[in-house]
Amino acid sequence: MAAAPVAAEPISVGVIANLTGTDVRTSVNMTRGIEMAVADINEAGGIDGNPITLITEDSEYRLQEAMNAANKLYGVDNVEVAIMFGGSSLMIPVANLAQDKGRVLINTSSSSSKLGDYPGTLFSVLPLDDIIGKKLGEWVAERGHKSAAFVVPNNTFGTGLMNAAADAFVASGGEVLAQVAYTEGNPNYRADMQTVANVEPDAIIAAGYGDDSRTIFKNAQQLDIAAPWYGAYPTIFAIDDEEWMSERFFGVDNGGASLKSTMELAERYRAEYGEEPLSHVFYGYDAMQIVAKAMELGGTSSSEIAASLPEVVKSYEGATGKITWDDRGQRIDPPVEFVEFKDGAFHILGTGE
Amino acid sequence: MTQIFVNSIIYGSQIAIIAIGISLTYSVLRFANFAHIQYAVIGGYATYVFHTAFSVPIVLATAMSMVFTGAFAVLIDRIVFRTIRHVTPEGKMIASWGVALFLRSILAAIFGGSALFFELDTTTIRVGGAIFTTLDVAVVLVTLCAMLAMHVLLRYSRVGVALRALANNFELAEVRGIPSERMILLLWFLSGAYAGLGGTLFAIETQLKPNIDLLILLPVFAAITIGGLGNVYGAVVGAMILSFAQNILISIDFGSLVGAMQWYVPSQFRDAVAVTALVLVLLFRPQGLLKGLGGAKP
Chain G
0 MAAAPVAAEP
10 ISVGVIANLT
20 GTDVRTSVNM
30 TRGIEMAVAD
40 INEAGGIDGN
50 PITLITEDSE
60 YRLQEAMNAA
70 NKLYGVDNVE
80 VAIMFGGSSL
90 MIPVANLAQD
100 KGRVLINTSS
110 SSSKLGDYPG
120 TLFSVLPLDD
130 IIGKKLGEWV
140 AERGHKSAAF
150 VVPNNTFGTG
160 LMNAAADAFV
170 ASGGEVLAQV
180 AYTEGNPNYR
190 ADMQTVANVE
200 PDAIIAAGYG
210 DDSRTIFKNA
220 QQLDIAAPWY
230 GAYPTIFAID
240 DEEWMSERFF
250 GVDNGGASLK
260 STMELAERYR
270 AEYGEEPLSH
280 VFYGYDAMQI
290 VAKAMELGGT
300 SSSEIAASLP
310 EVVKSYEGAT
320 GKITWDDRGQ
330 RIDPPVEFVE
340 FKDGAFHILG
350 TGE
Chain R
0 MTQIFVNSII
10 YGSQIAIIAI
20 GISLTYSVLR
30 FANFAHIQYA
40 VIGGYATYVF
50 HTAFSVPIVL
60 ATAMSMVFTG
70 AFAVLIDRIV
80 FRTIRHVTPE
90 GKMIASWGVA
100 LFLRSILAAI
110 FGGSALFFEL
120 DTTTIRVGGA
130 IFTTLDVAVV
140 LVTLCAMLAM
150 HVLLRYSRVG
160 VALRALANNF
170 ELAEVRGIPS
180 ERMILLLWFL
190 SGAYAGLGGT
200 LFAIETQLKP
210 NIDLLILLPV
220 FAAITIGGLG
230 NVYGAVVGAM
240 ILSFAQNILI
250 SIDFGSLVGA
260 MQWYVPSQFR
270 DAVAVTALVL
280 VLLFRPQGLL
290 KGLGGAKP
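If you read the protein sequences in the order shown, they are chains G and R. If you're matching positions, the first sequence starts at 0 in numbering that gives the first Met the number 0 and goes up one per residue. If you're matching positions, the second sequence starts at 0 in numbering that gives the first Met the number 0 and goes up one per residue.
Heads up, a few of these hints could be off.
No more than 25 Å apart at the CA atoms, straight line, and that leaves these computed lysine to any residue pairs for SDA-like [unchecked claim]: (1) 341/G x 116/R; (2) 341/G x 265/G; (3) 341/G x 256/R; (4) 341/G x 121/R.
Simulated from the structure, these hints should not be mistaken for lab results.
Based on the sequences and whatever the hints tell you, model everything.
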């Protein structure tokens with residue numbers, strides 16, 4: 000690999016995150032993880048002596064704003080690579096744009112299996128829905144539940160995850176009684192939850208986030224639905240009544256929190272920000288670290304970064320453990336955690352890969 | 000079926016109480032006030048602030064919110080609508096949309112875009128296969144009481160007679176000595192207070208967001224169009240018809256009808272029912288269902 004030309008100025012890396020609007024906390028965690036990585040990289044001398052600077056744009060969790068942010072970063076600021084937090088419905092259009100412009104996009108949050116359609120452009124530091132969905136479906140069956148109803152948002156994230164989890168659940172001997180794909184942004188999901196109540200499932204398998212998930216739980220409680228909930232990425236759900244959800248809410252989340260490197264980073268995070276980190280901190284941190292290492296290895300242009308990234312992850316072991324990609328640049332053997340919500344916090348019941 | 004009935008009554012009540020206020024102002028001032036929906040949202044926020052920030056009991060907080068929202072509606076009339084009283088109804092309608100946008104922005108600036116929730120203790124009730132909560136019961140009872148109060152006011156009080164006179168023939172009522180400007184102020188206050196009540200009931204059942212008016216707007220305007228613009232009783236009937244139509248559509252298990260896995264019409268198609276009802280009424284009975292069927296304007 001040819002040595003990269005020495006940059007005369009700080010190297011800009013773009014960040015797209017929903018800093019206002021829905022699901023802000025997770026985005027802020029991811030952004031802080033990136034900032035912590037940049038601090039480490041610059042303290043160690045930057046990229047061949049040149050410091051990394053971040054240009055952060057707010058997507059407001061809205062497609063138009065995400066596209067505005069990406070257009071500015073790639074078109075005006077001329078960044079070669081951007082790291083993004085956002086749902087698949089935002090990530091996929093931005094990946095299209097990045098592909099058209101020949102730039103690189105690092106995905107730290109989206110999980111639609113369609114994200115694998117952008118090899119050489121989009122790289123994911125977290126696994127796609129088909130992997131988490133499969134583990135979730137299998138786990139629900141392993142825990143002895145014979146039937147399940149699904150409650151997911153009607154978008155690529157929700158339905159993709161539901162399909163993967165349902166296939167795995169049925170393959171493990173379970174029966175799917177109902178599949179509810181709700182429209183986001185409604186003030187009330189009573190009718191959707193009545194559909195679930197009517198079929199009386201052993202378990203409810205769910206995806207969701209933000210205010211919608213809170214309303215869903217509230218409506219379920221109002222309808223006295225007793226079945227336990229199994230969520231994909233449970234930390235992004237918003238819980239309405241912690242007491243009611245205690246020992247009733249389980250899930251499969253991106254793992255790594257029990258690794259030594261993760262625990263050290265978590266301790267730093269607590270010291271700097273005075274709160275418990277979400278796993279998004281670690282994914283943001285790893286995203287920035289592999290970008291920096293790719294720049295060091297191959298150069299700072301987007302084509303050089305894209306070419307170097309697969310090589311970098313082979314030897315990288317970061318905050319979320321060792322990263323293994325398929326030939327599309329999508330993570331395939333992530334650490335996962337099986338968790339239970341109890342007494343106001345998530346507790347790890349087990350880990351796996 | 001019991002569940003469909005219960006859901007329809009609850010949702011219909013929430014819509015009706017807001018729709019009444021629009022019909023009331025339309026009956027005298029002859030324009031559809033889009034800002035009315037935002038008054039409802041303001042009422043929800045006012046109740047939230049009184050209840051959570053000042054620990055006022057929810058019933059008293061709601062009453063205070065009604066007074067606040069009523070006074071706010073009067074204030075907006077003094078600032079905006081009185082100055083354009085001579086403008087065409089279409090012009091006033093557009094101005095009211097501008098007021099709504101302005102108020103939504105103010106709410107978003109003060110409270111942010113995230114949803115707020117009332118934390119109220121509720122108990123689940125099961126009757127004849129239907130599941131509902133004590134909160135649902137309270138919402139329906141409050142709505143019934145508010146409707147009854149409005150009926151008594153309009154039918155059996157001097158103020159009601161004056162309002163009905165203005166609605167039937169504004170100029171003649173003025174000639175007969177009815178103080179129209181004072182009555183218009185009262186009209187705005189009543190309309191705003193009912194919006195505040197409706198917004199509070201909607202919020203405690205669901206959530207509060209500055210842009211939640213966009214979700215309320217369509218069913219409320221569909222209800223008053225179905226019932227007949229300017230007809231307070233028509234607004235209630237329209238809200239109930241719409242609510243039943245919407246809830247029946249999304250509650251039928253179409254999957255089982257063809258021997259497949261359960262499949263229901265997704266709940267977002269509720270709006271399609273409202274739009275369809277609007278179009279049908281405007282095409283075949285633009286004056287609304289109650290006009291000529293015994294429905295009287297106030």
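We went through each hint and held it up to the structure:
1. 341/G x 116/R: holds (22 Å)
2. 341/G x 265/G: holds (21 Å)
3. 341/G x 256/R: violated (41 Å)
4. 341/G x 121/R: holds (22 Å)
Hint check: a violation occurs at hint 3 only; the rest are consistent with the structure.
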